[in-house]
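*Asks:* Full structure from sequences and hints, please.
Below, each chain spelled out in residue letters.
Protein chains: 4
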Amino acid sequence: MTIQAGIIGDGYTSAELNRLLARHPYVQVAGVTSIENIGRKLQEVYPHLSGYSRIFCEELVKPDFFDRCDVVIFALPHGVAAPLAREALLRNTKVVDLGADFRFRQRERYEQWYQHTHPAPELLTEAVYGLPELYAERIVESRLIANPGCYPTSAILALAPALQHELIDPATIIVDSKSGASGAGRTPSFTNIFCEVNENVRAYGIASHRHTPEIEQVLSWIAGKELVVSFTPHLIPMSRGILSTTYGQLRRKVSGQEVWEIYTDFYKGKYFVTVLELGQLPQTKAVYSSNHCHIGVVVDERTGRLVAVAAIDNLVKGASGQAIQNLNLMFGLPEESGLDFPGVMP
Amino acid sequence: MTIQAGIIGDGYTSAELNRLLARHPYVQVAGVTSIENIGRKLQEVYPHLSGYSRIFCEELVKPDFFDRCDVVIFALPHGVAAPLAREALLRNTKVVDLGADFRFRQRERYEQWYQHTHPAPELLTEAVYGLPELYAERIVESRLIANPGCYPTSAILALAPALQHELIDPATIIVDSKSGASGAGRTPSFTNIFCEVNENVRAYGIASHRHTPEIEQVLSWIAGKELVVSFTPHLIPMSRGILSTTYGQLRRKVSGQEVWEIYTDFYKGKYFVTVLELGQLPQTKAVYSSNHCHIGVVVDERTGRLVAVAAIDNLVKGASGQAIQNLNLMFGLPEESGLDFPGVMP
Amino acid sequence: MTIQAGIIGDGYTSAELNRLLARHPYVQVAGVTSIENIGRKLQEVYPHLSGYSRIFCEELVKPDFFDRCDVVIFALPHGVAAPLAREALLRNTKVVDLGADFRFRQRERYEQWYQHTHPAPELLTEAVYGLPELYAERIVESRLIANPGCYPTSAILALAPALQHELIDPATIIVDSKSGASGAGRTPSFTNIFCEVNENVRAYGIASHRHTPEIEQVLSWIAGKELVVSFTPHLIPMSRGILSTTYGQLRRKVSGQEVWEIYTDFYKGKYFVTVLELGQLPQTKAVYSSNHCHIGVVVDERTGRLVAVAAIDNLVKGASGQAIQNLNLMFGLPEESGLDFPGVMP
Amino acid sequence: MTIQAGIIGDGYTSAELNRLLARHPYVQVAGVTSIENIGRKLQEVYPHLSGYSRIFCEELVKPDFFDRCDVVIFALPHGVAAPLAREALLRNTKVVDLGADFRFRQRERYEQWYQHTHPAPELLTEAVYGLPELYAERIVESRLIANPGCYPTSAILALAPALQHELIDPATIIVDSKSGASGAGRTPSFTNIFCEVNENVRAYGIASHRHTPEIEQVLSWIAGKELVVSFTPHLIPMSRGILSTTYGQLRRKVSGQEVWEIYTDFYKGKYFVTVLELGQLPQTKAVYSSNHCHIGVVVDERTGRLVAVAAIDNLVKGASGQAIQNLNLMFGLPEESGLDFPGVMP
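Protein chains in written order, with our numbering: chain L, 1 to 346; chain D, 1 to 346; chain S, 1 to 346; chain A, 1 to 346.
Computed footprint of chain S on chain D, listed as stretches where at least three residues anywhere in the stretch have a Cβ under 8 Å from a Cβ of chain S:
1. 16 to 27
2. 44 to 55
3. 277 to 287
4. 329 to 343
Please keep in mind that the hints were generated in silico from the structure rather than gathered at the bench. For each residue, glycine too, the CB sits at the ideal point set by N, CA and C.
*Replies:* Printed below as a string of structure tokens:
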């Protein structure tokens, strides 16, 4: 069986999908659409794909493109994917959307944070939030996956066991994240040119970043009650990787060992999540270019807080790798197909 | 008037002292002591000093060395400076210690966190914590300055106005710091070689870093009551710079504008602290190689938290520049002598 | 005496001029012109200038702007400066041009390599190539300075003594240069965003880079005969710095010591050029943010070649610092005014 | 069939062997020896291997270790491997040596450049230089492979077609290489700590680097006559990657297109070498973490020189990947087994 996957868009997450699918045993890239590079060989745009892609970037011609695909993966800015996804679904083509269009169950939340009228609100109840470690059962049965944001993936994986087990007070959650620059995509701007990022660190979007409501929505589902979080993203001088350091006030006295056991148990059988030995802390380079997530936990007895730290590669577990993990589940493939390799270190 | 300053040690903070003092209008480097580089020209060890230093590294010969100096600056690991400082003081040579030996008023706190019997506890009451923005009056009259740690400098400057004005609940403080690698000094180790730091980010020393009690001590002084903080340092792939993102639960409803005015007012007349316009956030590159500290404040109305972010260069405001600022005050010089230049950007 | 200097343009070289002139004892920035940032505070665009600049970016209004200035420094792309420079000169305002418009004595060479009709060819004979280590006497008397390109500055300083003393065969010169990304300016593009530069190295413009004829012109002047060179620039993952490794076949058997003496003698009294001790090689970080140039020489006895390596900061000695050095000479100031400080290391 | 491969050493090239072999379809890691980490889990030393290695580092116990292995790969400093390799061969275990011990056919050349008496000179005639693109036929039949150095791999691949086809004068070859820091290994030193490498570039070992005679030996074989080259390595601020820019005087007038055809023809059927389209130049990130080599060629008509540029990942094609490529050939496996994936970009 070979699944035909179409990719809409030719930015970094598209390049990453092509890199990963080039070695996927069961999935083939049926086509890649572009606006600026129509007619160009993809391996000319992305020379690392030389020898691994015969694709020429094409214009999106509907519905032909959808008909050629068993699944289309949208690697587009928010607001653009939703109407196209509707068409794809009508033609029985499954959808994985890397953008934000289908991440919120409530249309209002989307419209408030993204300042944009939702283009296909009728699909929101159907869409499944594609975090396989939490929602694999629903993903398996879905035809429309909202692939999580990169920051939310790391924050939710860091906090889910603690919230589920009521270890921490949901009113006290702080997520302090550090991201490499590829999260901002490939569009040149004053803030992502080399000289502005190199040898520099900055916080941005404090109390206003669009991943905030996404983190809150999922953590609220887990906690069984509405909660809000303080989320601060930082841009640090590296290309790939997110480290999210999360804090929560402990509701009871608990040892590091006990927390570690809860986390280890929670992620038992989850191939891509590794809870590090007590005393070890994650680093992003250990998961570089891979779909793995490393988590470390520390109980701060003096302050009564839990500190849980998660490391992922924002382009893989935080985007394209997770999309493939979802695709695997949707088509009944082994979850780790095409994703089963370690990070690149050093 | 030319003040003769001796420097004990030849690591990065010593190099930075030499770089800065090379252009100081009133201070001359009287000598630099070393263990490994005795007899070598300093500009051979640090080629950026070529043409700006005639110093040959020398062995520390007591008391001769102290007698040649009006002030000695200790750029040594903790535990080593204290007995030497005692001797220097006995010979009427003033002391600025870049290490931790004199930072704690209570000997026990030092001995507990540094696992080391204090070598000169009788000096602890006399030593002044050398953060000029808070303690200039006492520094002016002191002969023994404990230069603050790099993380504490950034954390305290970020939080001092909020605590002083009782804006935040002292029980809720979290300090999440990101530091360049020069903070770890020049001694090679498995954790500071290029390939382990580059394209990587990690947290370390969670709930156990030695700068924690130092932050707590000073914030407790400001708050007028004992407090503890959660402090998480991170190593990020850059050479210089610390960004500290600090969080505290607001005690009352307050606008960003009001907070900004409190901060601006608090730092009025403090030459090296700039409170950025509301809506702007600091970045470390803007203070690169300079003694300046940039602070940005955000009120997160949804969570009721204050987020205050401070950026410094860890080797300058976080170490050698602040030492010179203290020295200036101790000798009645204008505070900004030798330090009055902008950061290097890009 | 305070000289009023106007700056045309607000890119990185303009920012660097403002950084350096902020501490210049005899020069004041009279104004900075902009297209995109008219009306904005310069320190808002460049936060490292906070507290060091009261300038608001202004539109260039001719001839008013020129009349306010003793000298204008053009920090503009080629082709734009020349007609404006003509106007400035007519109003008795001196000119330093950071671009290429006045670098070539022969209009044809400019027009061939820059594919652009020269806008003011009548000024080419008057313009002086502003490399003070070679042409200080002419600079002193000039009112129109063509500030050298960054690569040519490093290549020429590396090779001038060897050519002057006929050590190497002029037909065998190869210049292999490595540059940080700030040389490409501040305009965002696909090639200068962080993720394309970081953890990457590439050659570009082989046999076609526009700095080639500039290097050739000046080396030909020195050699007293026309020569061509192979010049290969490389983009490496850092913000500042150029290292040029140059090769030439030796015309006679010569020792490293002899070459070193020739170089040392050649640069005697040149404040900003340091010939390193034999056995030492330059590194760009040692001149970071400074106007210094470090040179190292090696005689390869096995191949009969001279290898001379020069390190500069492309934004300082390769652009804005050298412009100020030229300005100092044009106005009879000490050559090192405002530029006399060491590099920032580490 | 599963081949048992033992790895001697636990530095970066060993880590890379483990990373690659973890996904090799026909090879299993039989054991990893260590000096400092005996008894530790390898995935504790290298957390990116978490879940991909069950190895505990062990002491090298001869001859037991060799008996367990079909092949041993030596990832050791020069001088140490040779006597151990002799023992392994005696026990019918094949050998791939990542170090320099078996790279030279003439013992004198080794002893002169490495300042070390050769420990097993009788094996030098038997050893095969393991550059599969040139010597696959001999590798297939060998039991002792000298894996090429990282710089030589890139330099030889860049120059081989031009020398073979007598395009360039063998007396005029210059190799200017730029390497990431992982080439220096994992042992901490003053030159490889982060702050010395970051935001810096330097040349080192000019006219004296030990890879010089290795490049010369192989290029001499190709040229059919003894030649010497100028080789200059540079350390640039990245972890992985080597870009070698090579220069040679053309012996006749030739077009870029003709050169490109010669190169393309030369590497026809060589899976891991890609000659880029004329006009494209290689970049190291495109081969990051992969065994591929990208080559670009330019004819500089003005100077009559050929410029050929090659990019590899020094830890893969320049070390561990090439070792596996050799191993594949030695055991009759498809050459690309375990190595058939694209680079990681961005």
